[in-house]
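Protein chains: 2
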Amino acid sequence: MALVLPFEPNEPSIEALVALVKADMERVNATILARTGSDVAMIPEVANHLISSGGKRLRPMLTLACASLSGYRGDGHVKLAASVEFMHTATLLHDDVVDESDMRRGKLAARKLWGNEASVLVGDFLLGQAFKMMVEVGSMTCLDILATAACVIAEGEVMQLAAAKNTATSEDDYLAVIRGKTAELFAAACEVGAVLGQRPKAEQAACRSYGMNLGIAFQLVDDALDYGGSQAKLGKNVGDDFREGKITLPVLLAFRRGDASERAFWQRCLEKGEGNDADLDQAIGLMTRHRAIADTVERARHYGAIAKDALALFPNGQAKDALMEAVDFCLSRAH
Amino acid sequence: MALVLPFEPNEPSIEALVALVKADMERVNATILARTGSDVAMIPEVANHLISSGGKRLRPMLTLACASLSGYRGDGHVKLAASVEFMHTATLLHDDVVDESDMRRGKLAARKLWGNEASVLVGDFLLGQAFKMMVEVGSMTCLDILATAACVIAEGEVMQLAAAKNTATSEDDYLAVIRGKTAELFAAACEVGAVLGQRPKAEQAACRSYGMNLGIAFQLVDDALDYGGSQAKLGKNVGDDFREGKITLPVLLAFRRGDASERAFWQRCLEKGEGNDADLDQAIGLMTRHRAIADTVERARHYGAIAKDALALFPNGQAKDALMEAVDFCLSRAH
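Which chain is which? The protein sequence lines are C and L, in order. In our numbering, each residue carries its 1-based index in the first sequence increased by 1. In our numbering, each residue carries its 1-based index in the second sequence increased by 1.
Quick caveat, the hints were computed from the structure, so don't treat them as lab data. A few of these clues could be false.
Identical copies look the same in the list; a pair holds intra-copy or inter-copy alike.
Computed list of lysine to any residue pairs in SDA-like fashion (alpha-carbon distance at most 25 Å, straight line) [what the hints assert, rightly or not]:
1. K166 / H291
2. K202 / E137
3. K202 / N317
4. K133 / A17
5. K23 / G259
6. K166 / Q199
7. K202 / D260
Next up, chain C with everything else stripped away, as it sits in the complex (with noise of 0.2 Å):
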C-alpha cells in the first residue's frame, strides 16, 4: 500500500527574482541610501522614514531583472533602478498628500509625521535625484522613457482625480487611469533595462509590454485585495479604499452588475463619502453576490497572461523565468 505524502503545490514566489538580482539590489539599496543624504536633515529623514519601510522594491527588482535578462555587463542598471525607485518613492509621497492618507505600509504617512509641505518638497527632491542618476547613466533614451513616464504618471492622476466619485466611470476609463498611475513606470523600469543591454526594438518593446501588464495585473490585484485582504499581507486596512471614496474596479463592477437600490448605495458611501463600517460589510457582500472581486482578479489573470507572452522572444534561462514567476506571484497574492 502507497503511502500518501502531503500534497503541497508550489505556491509562486517572488524568490526566484530576488535570488536573481540580489548581489545587483545590494548596490541599489546602497545607492539608495547615499543619495537621499543632503545636508538638509530633514530630507533623509523623510526619505527614510517611507525608504526603510520595508517595499518589496519590485519595480527597481525589474529594471535589474530587465538588464539581466538583455545581457546587460555595465554598472548603469544600478541608478537607474535606484532612480525608478526614487521616482515611485516621490509619487507615493505626493499621492499622500493628494489621498489625505494616514497610513502608508502599515507606518503613519510621512505628511502625518512632518507635514504635508515636507512630503511635497522631498517628494521634489527625490524626482531631482532620480534625473540627476539618470544623467549619470549618460542614457539619453533611458532619460526620454523615464522623463515620459514622470509625465504619464502624473496625468494618470489627475485623471484619476477627475473620475474620482463617479461610480459611473467606464471599465476603460479606470484602465487608463491605472495604465497611467501604475503601469507606466513598471513599463519603463523594464524597458530601460532592455535599452541598456542594447537589445533590438522588439525586444525592448517585449520587456516595455511585459511592465505595462505585469503593472496593470498588479494594481487590479491591489484594488481586489483592498476588499478582501488582511492588513498584515498590504500594510493597509481593508477598506482604505471604500473609506477614501476611491473607484476601483471592483466598485465599478458592483455598481455596473448592481439594481437601482444597489447603485443608490455605492453613490450614498462613495460619490458622498458617506460610508461607514457597516457599509463596508455590505459593499463586500454586493461584491462577492456580484463576483466583482473575483472577476478583478479575473482581469488581472489576462494582464499577467499578456506580459508572459510578451518574453516569449527571450531565449528560456534563469532571467525570464523569474520574470515569469514574479507574474504568478503578483496574480497569486490574491488568493
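Start from chain C and add chain L according to the hints.
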C-alpha cells in the same frame, strides 16, 4: 531766462532685455502653450491659469539672453527656456500647497480653485515635461545642470521649512535658503545658455555667477517690497510674508537690531503667528527705525554688483547691455 524742464532720470528698465529676446520669446511662449497640452483637461486648465497670469518670464528670458551673449545659433535655447519656466511654475504650484497661499500673482491660487491635489500633480506633470524637453535638446550637460537645480531648489525649500518661525535665524542661513529656493534656478537658467553656446568654462561659470547673484538680489528686493510695495506692483499684498509668519531678511535685521521688548514682539507675531494688521503697522515702523528694509535693499545692491562684474569677461554689445540693465531694473523695483 531759461525754461526749466522737468528732469526725468532714465529709470532702468527691462525693455532692452525684452527687445533682445522678443522673437525667441514668442517661440518659447508657443512651446509653453503646446507643452501644457494633455488629453487630461484639468492639466492645461491648471497650468495655464498660472502660466497666463502675467509673470514676467524673467528666467526664460535669461536663458535666451545668455544663449545670445554666447553666440549660440541653434534651436535648443527655446526648449530649455520653456523647461526653465516649467520648473519655475511647478515650484510655484508646489509652494502654494506648502505655504497654504490663497493668492498668487493677484489671482486666486490654483490650489484654491482646483484643490491641493491638482496643484501637486500638475506641478509634477510640468516637471516631467521640462525634463522631456531637455532630453529633446540633447545636451547632457544642460540636463545635469537643471536636474541638479531641481534638487537644490527642493533642498532650499525644505531648509526654509526648518528655519520657519525662527526669528533668530542667521543671515548666512537665510542666504543659504534663498540661494536654493530662488537663485539656483536663475543660475541654471543662465548657465545653460552659455553651455549651449559652447563657451569656455570660465564664461559658463560667469553666466552662472551672474544668474546666482541676480537671483539673490531679486529675492532680497522681493522680501523688502513685501513690507513696502503696493499690491498692484507685486500681485500680492504688502504684509503677506508677515501674515504667513515668513522669516525674511528685513525681519532678521529688525529682530537683531531691536531690544528685548521688540524681539518679544517679533516672536509673538511671527513664531506664534499672532500678528494682526495693527501689528503690521508696528512691524513696518520698527523696520524703518532700524533701517531694516533699506539695508535689505543695500544687501541686494551688493549681490547685484557681483552679478554685473561677473559679465565683465564678455565683450560689450546688445546682449551684455540688456543683462546689465536687468540687474539695475531688479534693484530699482525697490523704489
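Structure-based check of all given hints:
no.	hint	in the structure
1	K166 / H291	within (21 Å within a copy, 55 Å between copies)
2	K202 / E137	both (23 Å within a copy, 20 Å between copies)
3	K202 / N317	within (19 Å within a copy, 51 Å between copies)
4	K133 / A17	neither (31 Å within a copy, 35 Å between copies)
5	K23 / G259	neither (47 Å within a copy, 60 Å between copies)
6	K166 / Q199	neither (44 Å within a copy, 53 Å between copies)
7	K202 / D260	neither (49 Å within a copy, 71 Å between copies)
Hint violations for this structure: numbers 4, 5, 6, 7, all remaining hints satisfied.
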